[in-house]
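Colleague: Throw the hints in and build the complete structure from the sequences for me.
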Amino acid sequence: MKTLTGTGTLVRLILRRDRIRIPVWLIGLVFFALSSASGVQGLYRSRAELVTAARVVENNPAFIAMNGPAQALDTFGGRAAWEIGAFGLSAVALMSMFLMGRQTRSEEESGRMELVRAAVVGRHAPVTAALTVVAGVNLLLGALVAAGFIALDFPTGGSLVMGGTFAAVGLVFAALTAVTAQVTEHTRGVYGITGALLGVAYVVRAAGDIGNGSLSWLSPIGWAQAARPFAGERWEPLLLAVVVSALLVYVAFALGARRDVGAGLVAQRPGPPVASLGLARPFGLALRLQRAALIGWTVALFLSGLAYGSVGRDIEDLVADSPEMGDILTQTGGNLVDSFFATTTLMLALLASGFSIQSALRLRSEESSGRAEPLLATAISRARWATSHLTVAMVGAAIVVAAGGLGTGISYGISIGELGQVPRLLGASLVHLPAVWVLSGLAIALFGLSPRAAMFAWAALGGSVVVGFFGQLFGFPDWVTELSPFTHSPQVPVADPTIGPLVVLSGLAAGLVALGLWAFGRRDVATT
Amino acid sequence: MTKSIEVNELVKTFGPTRALDELDLAVATGEVHGFLGPNGSGKSTTIRVLLGLLRADSGRATLLGADPWRDAVALHRRIAYVPGDVNLWPNLTGGEVVDLLGRLRGGLNQRRRADLLERFDLDPTKKGRTYSKGNRQKVALVAALASDAELLILDEPTSGLDPLMEAVFQECIRAVKAEGRTVLLSSHILAEVEALCDTVSIIRLGKTVQSGTLSELRHLTRTTIVAETAEPATGLADLQGVHDLLSEDGRVYFDVDTANLDETLRHLTSFGIRALSSHPPTLEELFLRHYGDTEDGDAEVRQSRGEPASKESAS
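First to last, the protein sequences are chains A and B. Under our numbering, the first residue of the first sequence carries the number 380, and numbering increases by one thereafter. Under our numbering, the first residue of the second sequence carries the number 726, and numbering increases by one thereafter.
You may find that some hints are simply not true.
Unchecked claim - So the derived list for chain B, only partly shown, Cβ under 10 Å to chain A, looks like this:
(1) V736
(2) F739
(3) L776
(4) L778
(5) V798
(6) R802
(7) G819
(8) D824
(9) R844
(10) L986
Hints in this document: simulated from the structure, not taken from any laboratory. Because the structure is a prediction, the values reported are computed rather than measured. Glycine is no exception: its CB is placed at the ideal position from the N, C-alpha and C atoms.
Modeller: Quick look at the structure:
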């Protein structure tokens, strides 16, 4: 086929460009999966302990909503698969999304694709090459995970399906990203749409897993979990993932054949010939540039909050029915519903940190794209320019965090007919805001001190997520756990809010911001 | 004469690379100064130091009498800048960017803005993403020219413009000059520099190699001679100051150093001149002389071989 000419060369180009990135993703994900698995082997010494732990999960919808359905949790394999759960599969989806987006729309947006396509390269060759590489990476990931599980003495059949679930989710999201890369002109938009769909896939399966399970069939993550690794394996759901991936690839090709290089599917419209008064100040520009992201994250957090809030009532019903409730109440030391919401508000706050870091790092992307240069050549000081984006990041983080709490409060409050829950859960969310600010502050500090290292702010978020959700499993020492700012947030509504840690965290955030601004004022502005 | 820009022994390193190596630059107030140099010679780095975006390692830079690093914000009210590589925000229109940059600088002249948009034939309603390279450059040019800045710093501002727009640009710069404002123009378009600039600095590898008015520069270098003689002209290659000699069909072509012009012509007349043309070096030739590795490199090689300057090229 002539439209595929040059695919082989492009595959080699991608492998060359991503020769570090791909191994880093692979090592990270394989390490995460296998350390979770061996963590399970270390944590539970007997089958009886597994059974007791399984009962806690089976009776706690919060755990099920977070990780997935309770399938054969009384076996080491089943427990390990559950611990890795929807979170691990989402991480695979993110890998596929970032690797695909980077090689497709990002190349087009930068104009490099034009150079490539002007050579002897078929229309579909770039997307085919990217799909080939990312599919290969996912298959390799699946094989490594399966081999690792077998090496850790897990049953072979279950290990193979376990690897298969990783590969399947990765494939679907690679193909999905191939489609979204055709739709919008901007890489940011590709990640926004795909990320939102991943969020939907996660939440839909959470609702399905808590309910009768049928909703889970709408989610690729649900398919992977329906393959039941170590719990009576079934290959059919994985086959479904492959078929859907193939369909998505077909759609991507069809869309790709209809559009111009560099263009999306939505045509550009003319805009205003003069700037509004809002654009007279740096803050107006920062707000304008980040408006879409802010609205998107706010809506996403609000909807996630609604989804979690709606589950609250199911938990109450469960509590009423369950004779084992007494045990669990004493174990968690409080109201089960409250502990559920303490967990979900933490999850929402971690999600919101995604916005606060992305928003703070906008400074870096404005600088490295060369767009900061003409601004800094006007009568705007560096501090003022940086503060404009910072303000959006900090105030925006408050809005996004509040949206999650409001969503939770509104849907829970309505479902139990008690609107007093709205301020209560809003407050429970806002308690995490200082910790979110600390991550923004870290991003700014890195931006000022060493702009190339600014991306490591994301690693801090990754670390906080791992500490927050897998700390117990991995058995981290206390000092590691305490590195995460979220460890210091009061666990409202289970615990009472205490003002001390909030003041300290806010002060730390302010200190990091000040350090970043000071360092940025003293260094060279990076030019291309 | 007051100086708008004064740079002495400026050094800027990026890791192991010495981007500016004791560079000097002086621009008098009210003049249009051409800033020439091959790619990577340090023009944009110099400009970014002048804008306070980069911090010099050593040396002194003074802009409008102030320190470009310390007094950046105050200085920027009096400066307009056009970057060499204009990157616009994909979702802002050209008109919005012009207004934004103007307001951030402290205001722009609305009448001039409208006039410039028309003269540069720029559609202000298009989004940044859809502009071509030339049109992106026009956006930055309109933003800079619509200001009342007393110093314009332009980094290869016309590399993407068509000849028609180039003409408009030259008119605009002449108008700026007529108002007594100062322009630092980094450019690769020598015809443009020749047409606009009073003085020129040529830099290479982060050092200033030549600086002065165009006529001074010409005087310092060589004149190109083409002569047709009755008898074949011989012995030219042995004369001092003769370069790139070529003889063909009774004609000789060569360059001669200004200092040796008189004796060379005297030698030539002894063969009976039938036709003679001479012209001062074009800026292009000046430029090549200072840019090209070939010129200096070749001369060195020849010298080390103990050969006269241009034996190979004589045939």
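Colleague: Does each hint fit the structure? Answer for all of them.
Modeller: Hints, one by one, checked against the model:
1. Because the beta carbon of V736 of chain B sits about 14 Å from the nearest beta carbon in chain A, more than 10 Å, this interface hint is broken.
2. Taking 10 Å as the C-beta contact cut-off toward chain A, the hint placing F739 of chain B at the interface holds, the least distance being around 8 Å.
3. Look at L776 of chain B: its Cβ gets to within about 5 Å of chain A, closer than 10 Å, so that hint holds up.
4. Against a cut-off of 10 Å between C-beta atoms, the interface hint on L778 of chain B holds, since the closest Cβ of chain A lies about 4 Å away.
5. Satisfaction of the interface hint for V798 of chain B is found here, the shortest Cβ-Cβ separation to chain A being roughly 5 Å, below the 10 Å cut-off.
6. Interface hint at R802 of chain B: satisfied, since its Cβ lies 4 Å from the closest Cβ of chain A, which is below the 10 Å cut-off.
7. Interface restraint check: G819 of chain B against chain A, minimum CB-CB distance 8 Å, threshold 10 Å, status holds.
8. Interface restraint check: D824 of chain B against chain A, minimum CB-CB distance 3 Å, threshold 10 Å, status holds.
9. For R844 of chain B, the shortest C-beta to C-beta distance to chain A is roughly 16 Å, which exceeds 10 Å, and the interface hint is violated.
10. Among the interface hints, the one on L986 of chain B is violated; its C-beta lies about 45 Å from the nearest C-beta in chain A, farther than the 10 Å criterion.
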